[in-house]
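Protein sequence lines correspond, in order, to chains B and G. Numbered per our numbering, the first sequence spans residues 1 to 270. Numbered per our numbering, the second sequence spans residues 1 to 270.
The reader is advised that the hints may include incorrect statements.
Given that identical chains are not distinguished, each listed pair holds provided it fits within a single copy or across any two copies.
Stated by the list, open to error - Here are the simulated DMTMM-like pairs of lysine to aspartate or glutamate, each with C-alpha atoms no more than 25 Å apart in a straight line:
| hint | residue 1 | residue 2 |
| --- | --- | --- |
| 1 | K13 | D140 |
| 2 | K13 | D226 |
| 3 | K13 | E228 |
| 4 | K13 | E132 |
None of these hints come from the bench; they were simulated from the model. Quick caveat: nothing in here was measured; it's all calculated off a predicted structure.
Number of protein chains: 2
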Amino acid sequence: MRIAVVAPSCPLKREAAARVQAIAAERGDTELAIHPQCFLSEGHFAGPDQARLQALREVMADSSVEAVWFARGGYGSNRIAEAALADLPAAARGKTYMGYSDAGFLLAGLHKAGVDVAWGPMPQDVLRSGGEAAVTRALDWLVRRDRSVLEPALDRPAMAFNLTVLSNLLGTPLEPDFTGVDLLIEEVSEQLYRIDRTMFHVTASANVRGAARLRLGRVADILANDPEFGIDEAAIVEDWCARSGIPFGGRADIGHDAQNRVVPFARRSS
Amino acid sequence: MRIAVVAPSCPLKREAAARVQAIAAERGDTELAIHPQCFLSEGHFAGPDQARLQALREVMADSSVEAVWFARGGYGSNRIAEAALADLPAAARGKTYMGYSDAGFLLAGLHKAGVDVAWGPMPQDVLRSGGEAAVTRALDWLVRRDRSVLEPALDRPAMAFNLTVLSNLLGTPLEPDFTGVDLLIEEVSEQLYRIDRTMFHVTASANVRGAARLRLGRVADILANDPEFGIDEAAIVEDWCARSGIPFGGRADIGHDAQNRVVPFARRSS
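Bound conformation, chain B alone (with noise of 0.2 Å):
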């Protein structure tokens, strides 16, 4: 299977590049075509808006590219995503696309468009401890389809986002259908108080309280709330979940981690 590696928001480190291209040449299945464009740099970004747009275009375009996958997260795919997703072309439409974090905007307008997306590891998740079999789940879904590498309780069509992610793609063109899914949830980096905050703001909606469950991921990195906010990042979510009327379907195994496992969203025919 050919697969296309860009980058719509920071860039990807060489060596990350090449370890997944070992791990990919070893597999014997897969062929890896990792764009220049994900080696770009400006400020933030791997390339200006317009570089990291038309990338991604190319490879959406490109009818031999069987699968697109994100090359890492950090911030600013949203800034193309809206573009990117105009007059799709039909090979755009034949494709799987994996990523998370950051991803998540382009996951959730693709999906919205009715292509089909996963959340899963991404290829700079290799230099992590354990890297290499997150990547590994992640090409296991992409060339094999392989059930194992799923998320072990998805018994209902399913979506999966980083929480501030998720609210910051609300109202948004970006924002699909919620309705009857389980939406899995996870954070990295946030104090609690900005968790709770968000959880506010996300349970508000009335496309999300149309979710079947709300469930948790892991929250790592927890930063230093000052005074200690007085409950944990389980007892907020459920508390939300509770003053919204959403379902709470306790913890999933998705994060910012090596474990990171693959989710792919409810397809609109399901």
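Given chain B's structure and the hints, the job is docking chain G onto it.
Then chain G, alone, in the frame of chain B:
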């Protein structure tokens, strides 16, 4: 004038309370009723939700109180705002409510309910360098409607919000109608990439796009962005204004500082 002080977010420092009491006493035109709830502490908050809500509802319903002055920001007024606004007693409507930062959740909801609110300095600000002038500015508006304390370029109906608070109240029951107003924003202690992301979110809103102009107050204590973001906060805001078709109205004289000025929200009748 009898002004009640309550703390819907975080606790007021005793030293701040004493200093604003002294300022009020010296004026001779102001009686400050600092509610004991201001000094409660539970985790992040000035007491549990129920205690903060009860104190707020109490002063709202007190017909001897002519204004309600929020003690300080921090985080937490959103947790009680919807309940505070339910079945508003008649006495709640005949007052002015003042605050900024996290108190913006209440300002938004109260304004939406047709009540008189103003962005302006809060009691805890007295502890800032130059803070005596700040709280005097607030009192000069509440007590004497002294127009010299207003943001100097209010030439049409206006509202003011902390940018992150604005983002988090969109889509909630607190969201007011921005049609035709000058929307003033400010920010504190955020990275530029977060400001960019929040501007993406806020300017995607059809309601915000109905504002007459967006004006940028001070953006203080910008946290390090690694790598450097590339453009500054004014360029970020101008960029999102251009993308979304909202006229950029230049800078505004508000912020998380002792120079912060008063912005009475547009009345429904105006």
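For each hint, the structure was consulted:
1. In the homo-oligomer, the alpha carbons of K13 and D140 lie at most 25 Å apart inside one protomer (22 Å), although the nearest pairing across protomers, at 57 Å, exceeds that limit.
2. Within a single copy, K13 and D226 get their C-alpha atoms only as close as 35 Å, which misses the 25 Å cut-off; across copies the closest is 15 Å, which meets it.
3. When the C-alpha separation of K13 and E228 is checked against a cutoff of 25 Å, the pair qualifies only between copies, where the shortest distance is 17 Å, while the shortest distance within a copy is 36 Å.
4. In this assembly of identical chains, K13 and E132 lie within 25 Å of each other by CA distance solely inside one copy; the values are 15 Å within and 51 Å between copies.
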